[in-house]
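Chains as they are written, first to last, in my numbering: chain A, 66 to 164; chain B, 336 to 884; chain C, 819 to 1455; chain D, 539 to 1061.
Bear in mind the hints are in silico, worked out from the structure with no lab data behind them. Note that the Cβ used here is the ideal one computed from N, Cα and C, for glycine as well. None of the hints are false.
Capping the alpha-carbon separation at 20 angstroms, the derived lysine-lysine pairs in PhoX-like fashion look like this: (1) B:489 / B:388; (2) D:834 / D:1051; (3) D:999 / C:980; (4) C:980 / D:929; (5) C:1189 / C:1268; (6) C:1195 / C:1286; (7) C:1268 / C:1195; (8) B:541 / B:485; (9) D:999 / D:929; (10) B:838 / D:711; (11) A:163 / B:541; (12) B:388 / B:485.
Just the calculated beta-carbon pair ranges, DEER-fashion: (13) D:605 / A:130: 52 to 58 angstroms; (14) D:747 / B:863: 26 to 32 angstroms; (15) B:836 / D:563: 18 to 24 angstroms; (16) D:1031 / B:863: 43 to 49 angstroms; (17) D:565 / C:846: 46 to 52 angstroms; (18) A:160 / B:423: 47 to 53 angstroms; (19) C:1386 / D:859: 18 to 24 angstroms; (20) D:563 / B:863: 20 to 26 angstroms; (21) C:1418 / A:160: 21 to 27 angstroms; (22) B:668 / A:127: 28 to 34 angstroms; (23) D:595 / C:1379: 58 to 64 angstroms; (24) B:771 / A:135: 43 to 49 angstroms; (25) C:1400 / A:160: 46 to 52 angstroms.
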Amino acid sequence: MNPVNYLYLAALLFSIGATGVLIRRNAIVVFMCIELMLNACNLTLVAFSRMHGNLDGQIIAFFTMVVAAAEVVVGLAIIVSLFRSRHSASVDDASLMKL
Amino acid sequence: MSTSAVHSLWTNAADPILKIDTPKIEYGQLSPTLIVVGAAIVGVLIEAVVPRKARYYAQVFVSVVALVAAFAAVVALAAGGYATTKSGIAAMGAIAVDGPALFLQGTILLAGLVGLFTFAERRLDPEAHGNRVDSFAAQAASVPGSDSEKAAVKAGFTTTEVFPLLLFAIAGMLIFPAANDLLTLFIALEVLSLPLYLMCALARRKRLMSQEAAVKYFLLGAFASAFTLFGIALLYGYAGSVSYATIAQVVDGTVPDVSPALADTMGNDALLLVGAAMIVMGLLFKVGAVPFHMWTPDVYQGAPTPVTGFMAAATKVAAFGALLRILYVVLPGLRWDWRPVMWGVAIVTMLGGAIVAITQTDIKRLLAYSSIAHAGFILAGVIATTPDGVSSVLFYLAAYSFVTIGAFAVVTLVRDAGGEATHLSKWAGLGRRSPLVAAVFAVFLLAFAGIPLTSGFAGKFAVFKAAAEGGAGPLVVVGVISSAIAAFFYIRVIVLMFFSEPKPEGPTVAVPSPLTMTAIGVGVAVTLVLGVAPQYFLDLANQAGVFVR
Amino acid sequence: MENLIALLIAAPLLGAAVLLCGGRRLDAVGQWIGTLLSFASFAFGVVLFADLLGKDPEQRTLTQHLFSWIQVESFQADVAFRLDQLSMTFVLLITGVGSLIHLYSVGYMEHDERRRRFFGYLNLFLAAMLLLVLADNYLLLYVGWEGVGLASYLLIGFWQHKPSAATAAKKAFLVNRVGDMGLSIAIMLMFLWFGTFAFGPLLGGEGEPGMVGDASEGKLTAIGLMLLLAACGKSAQVPLQSWLGDAMEGPTPVSALIHAATMVTAGVYLIVRSGAIFNAAPDAQLVVTIVGAVTLLFGAIVGCAKDDIKKALAGSTMSQIGYMVLAAGLGPIGYVFAIMHLVTHGFFKAGLFLGAGSVMHGMNDEVDMRKYGGLRKYMPVTFVTFGLGYLAIIGFPGLSGFFSKDKIIEAAFAKGGTEGWILGGCALLGAAITAFYMTRVMLMTFFGEKRWQPDENGNEPHPHESPKVMTIPMIVLAVGSVAAGFLFNWQSSFIHWLEPITGHDHGHAPLSAGVITGATVACMVIGVAIAYGQYGRRPVPAVAPRGSVLTRAARRDLYQDDFNHVVLVRGGEHLTRSLVYVDHTLVDGVVNGTAASVGGLSGRMRRLQNGFVRSYAVSMFGGVAILIAATLLMRAV
Amino acid sequence: MSFPLLTATAVLPAIGAIATAAVPAAQRTAAKWLALLVSLGTLALAITVLVRFDPDGDRYQLTESHSWIAEFGVRYELGVDGIAVALIALTALLIPFIILAGWHDADPLETGSKRWRPTQGFFALILAVEAMVIISFEATDVFLFYIFFEAMLIPMYFLIGGFGDRAHEHGEKAASTQRSYAAVKFLLYNLVGGLIMLAAVIGLYVVAGNFSLQAIAEARANGTLDMATNTERWLFLGFFFAFAVKAPLWPLHTWLPNAMGEATAPVAVLITAVVDKVGTFAMLRFCLQLFPEASKWATPAILVLALISIVYGALLAVGQRDMKRLIAYASISHFGFIIMGIFAMTSQGQSGATLYMVNHGISTAALMLVAGFLISRRGSRLIADYGGVQKVAPVLAGTFLIGGLATLSLPGLAPFVSEFLVLVGTFTRYPVIGIIATFGIVLAALYVLVLYQRTMTGPVKPEVSAMPDLRVRELVVVAPLIALLIFLGVYPKPITDIVNPAVQQTMSDVHKKDPQPEVEAAK
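Excised from the complex, chain A in its bound form (with noise of 0.2 angstroms):
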């Protein structure tokens, strides 16, 4: 089967998670949408690779999961040590600064 339909699943993915990162409101939520988008990005890359039959595509795959581990690590800590202070992990709560 033809790997551009693979693109279009990842962009479908993509905006999924962007649409998410717009609409929800719970901070982690968020945050995994994001992880769906950087998810999103390693299957265009992977079918990339595949189509240019090199192998930079997988290979930054590769880093992109670190990465997203990396973020999930500060994410998380960030988000909690909110969460802890505020007991609400909603985004909307956290707009103390403004105009």
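Keeping the supplied structure of chain A fixed, place chains B, C and D upon it in accordance with the hints.
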């Protein structure tokens, strides 16, 4: 590899890929980055092994030494001609060692050093239980206002982790403008971002705002980097390679051997354009250009002021470096597509930043918006697409970063019971109470406003000149108009400081340690030197104005 | 000998400098310094006069070039003097009468603590006036022209504590400025068309003709009219006459010297001096004569209605100058007589004013003639001198006024044609009215019963004769006003004296000189008779009766001031007030408005920054969408 | 190389400024004397320049040229022509008087306050302004000029905003708000002008490739550098706008009354007599030399604006209640004359305009400073608060009157010469405009005499009855100015001789010849 091989990969009845050539690393040319990374790791070890009391000193020592050494390395490389004649690609095409890279690395290292001084400042806050404290949380993990926090303060904890974090961030920034393939670019982006996210959360006072800033910065940053990554993927898909040089060739259509797959994707400009747009968007997010600027004011306001200063200065430098390289090395063939778009971005950035800043009431937010406006000015230079454009941007970045750090350093000095007094009303009559500080801050503001004889003017003139020569005359006019608008709020602050009556319960001006004094002093010195006799540095930027391909 | 010319001016100028900068220590002797220097100037004048007389009539022009004043390319103005018969005449008049009035002032201003400054101003005036008549080019003349304006401003407003005085001074200066505009425009025109404004090359003289000969009539008419405007301002001719009446606020010697004898005649000098221009511009001349005729009637009518002795005399001055201007407008026929009348008028009008001053001196500075009466018993010398001046001005045969005025009337008729008749008629009528109002003044002041009462705080005036220092000048002037006319006409010496400069031409009178003379005398007698009938036979009411429409109008200067007030003053106030408003709201408002609108915009854009991460994300998402769309679009187009 | 006289002239006050600022708080008086001495030294240097300058020599003399910012093609190029020399002399001459007149303006309100430093600041700032003004007169490099043209705003801004006139109808609080408003207005107007000029400066560089006035003017003259008509016009407008704001020309004038009204009298003099001259000077030097064609193209419009300034300024002066604002509007009217003279494009007009700059400087200084003395005595700027001063303080009144007469350009005083030259110069080419402008002299008489009458004459107001006459220090300030007014009125040759050759150069730059008198021509 051959098409048959592709097929075989696909049908996984393959003869294995035989040879992977062993990587060859030019350690000498990468030394600046390596030093900083190494020092960062050492810093982590210090956290692990050195007793708490000694950590602060150990960390400061290591960081200073590392940064100085790295800077020395940069100078050595530049002196060795790597900026001009011997400039080339290192680490198997991952890192470019050329003029812009070295210039920006030098700038970042110096900015980092000065920023480090403000990080290490421990005289501003009153001593807590006999312990000197800096502007970072005693224990980031403890809930604000909780007993554990009180205990941590009582025990005299300090978050000395900021120093390794700072070094990691700097390391990322050093790679960012030097990255010569998309993968390195992405990694550098993350390496510089993640520590910043953390550092934003570490303020000692107003921790809720600090954490909020961190969350906002993190979520939006991650969001942006996701787009960047997708852009990278698409570009890779278009060109079948992540190396800048190759992509550039593909874009120009001068690539030597075209595999059918490549021929197929090459035909699809959408991949190229969308991918490029997304990458550029990620970088514009970092430089805080409208409409990707929304995080700037909140983060600048919430983050610990030393972090804000460092971030505002160094991140901009690194990000603009990367942007320049992308636009000048990878996408020159696409100039006629991205230039008009960047025009638009530059215009809205200049005007938006300046206009919104007028009604700000918090000094840190004010500076945030001014930094947005300045991003717009720099973009004007980027758009020039001439060697002059590059060097003017380099010069502007160097000039701007020191003014910024100095300005934020001054902000840390003006304090009242609740920590820094950042609300503008509190600054009323500062000139009467402590003329020197007010005067220094006035100098920085004038530099921001681009008054002659300050570095701000020289920089602004350089970029506008480059833009005009690059055929972006209208952009210059817009820039001039927005500078006029911007001048208005800088002047407002000066009026506030000098001509309005001091409030009875006004803030006090803390007497800092030599560290912050150095930071401010350097800021003033650079501002005036680059304002009065910029020639040497302009030459430097000029020589450094050529990208290696 | 030429070098004396500068000294003429230097002497009084030095006086002014010393007196005004000298400070209090000069208070005691100030008046004498001033008087001395003025007499010195007179002495120089006499010496120069003797020198001129010694020369051949054609060679009687001395010039002295001091230094180059303004020099920009072709624009060349020198500080240079020209002394010829015309200016000589003025020099003698100015310094002579001036010196006498200095002397008189010593007595008159005796009790004024700011006396020193008064004499400083007088000297300043002399210097400026001499500069005016000695200047060798129009620009330098302009300096003197404004200089006398300044002096008159200072002297009219000398008693500055009186608001009326200050206002009068300001008014005089402003009205004069309007005239000065004319002069400066005239000079600009000369420079534009001739490239010079020096008398020599422009007007010619010493035989060779000036450039004006080559200019078209239109050009010369324009210049002439501008000069006339200037003359109107300085010589209080209609329509710029309004300031002269108020100028009487100044101390009486000032009125005598500046506003009767010398300064106000500067206009006549200007016209006569520019004769070459006017001769070639008949239209301009016609306008001049009309102005003169109108003014001589205007002044005379005003003079009839005033109860303030000085204002009455001011009216008469206006009218007499009207005669001179009329004569000057007649061209070569009249120039000489204009000057002659100017000189004689200088004598008798100065005398009259000094007399009036002497009267006021004796009457606690009362100026209302209705509060005089029968003063001849109390101040005989004043009475006699004033009387002689009176006879002179009404043109009593044999006295100076008779000769000069009669000649002017003759010349007016000699202009020929209808305008000749009209002008002559006006002049005759003026003579009659002159006789009327002067007789009225005479009668109200010196004859009839005493009409003065003690003022509110009970001190009744004790009229007394003035001290010698005041009477002597009056006597001298009286002698002058008696004898001058006769001397001038002795073998028409005056005509011969001036002819080389002004030229002379008898014209062709439609009537014989005798007839006109007869008519003049008749008019005079009629005027006197009417006045006697009105003021001599029955007692003068102490408060002015309502009087006829004409009288009321005349009392208010024929409503000319009211017109100015309503149109110019009020209008100007409205204009400036509205402009101030415009400046503040409109011109300033535009700028402030822009600033405000930017601020508003900022406020609105600021709300986008609402603190919610997700909306930030939205903006980023939108941003990237736009970015992509734009990039694709760029490729599409 | 020879001694850099021009640099020294500008650097001396700059050093003086720093030194003055560094004087410790206690030695207030020492600072004043130091500033005075420095200004006198500068005057000496300026006179040396005047002497060393040879009217018949090269166009630019005492030139210095060093590389500065090669990257921008900027050189440190100094040089003076006659016009610059005259204005440098004026500046150096006025500053000592300004300092002397402002001797007590920056003293602490309550005596004996130890930590009071503004006094030092005040005099330091004045010297700083002097330095910048002088160097912008000397600069023959457009960029160099621009830098100081802009930079001088900062010290001016602090002078206006920091040391306002304490006399205010609504008390100190209102005074301070009014003051900062005026200061901000001043700065923003001029900054906007300057920024627009910046765009033009950059444009000029793009077109010409360097900033050297002489080089560009030469290239324009011999045709090696030809600008597209529209380019030239846009650049011209960019430059002219900035200068018109500074000058100021209607309708960009509204900052001046505020600034002059709120600032202390000496600072007001500094603004109108010294700083604003840079604007008119720059029109003459930069607009005409760099963009001759565009200048001619814009002449009609500019003349009309100048005409409006003349009449409008005079009328508004008549309508003022505040004597300092009145003088400000009078200045606007005078600047109208100057600009008119410059753009009349005749020798008389331009020489007159240059002369006018000098004379206006002196006469306004005289009038404004005396007004300042008056205000400092009564503590009010409102004309209505005065009356009969002449009686109690005759010398003050006398000097005030002379200043006023100079302002209405009475013949015999210096301003007359320049004003008449401007009028003639304009008239010979634009008769109608010349005639309308002549109305200005009547209006001038009106506002001056009204001012004098309301304040000095009439019955003595009780508030002024105890007013002391001029003190020695004040006399020392006013007397020389008046002497100068009279001298230059009688013998302007010293200045015209210097100025005329330079003006001829400018005339040839714009390829204009004086119109020839018709009758002469006919002959």
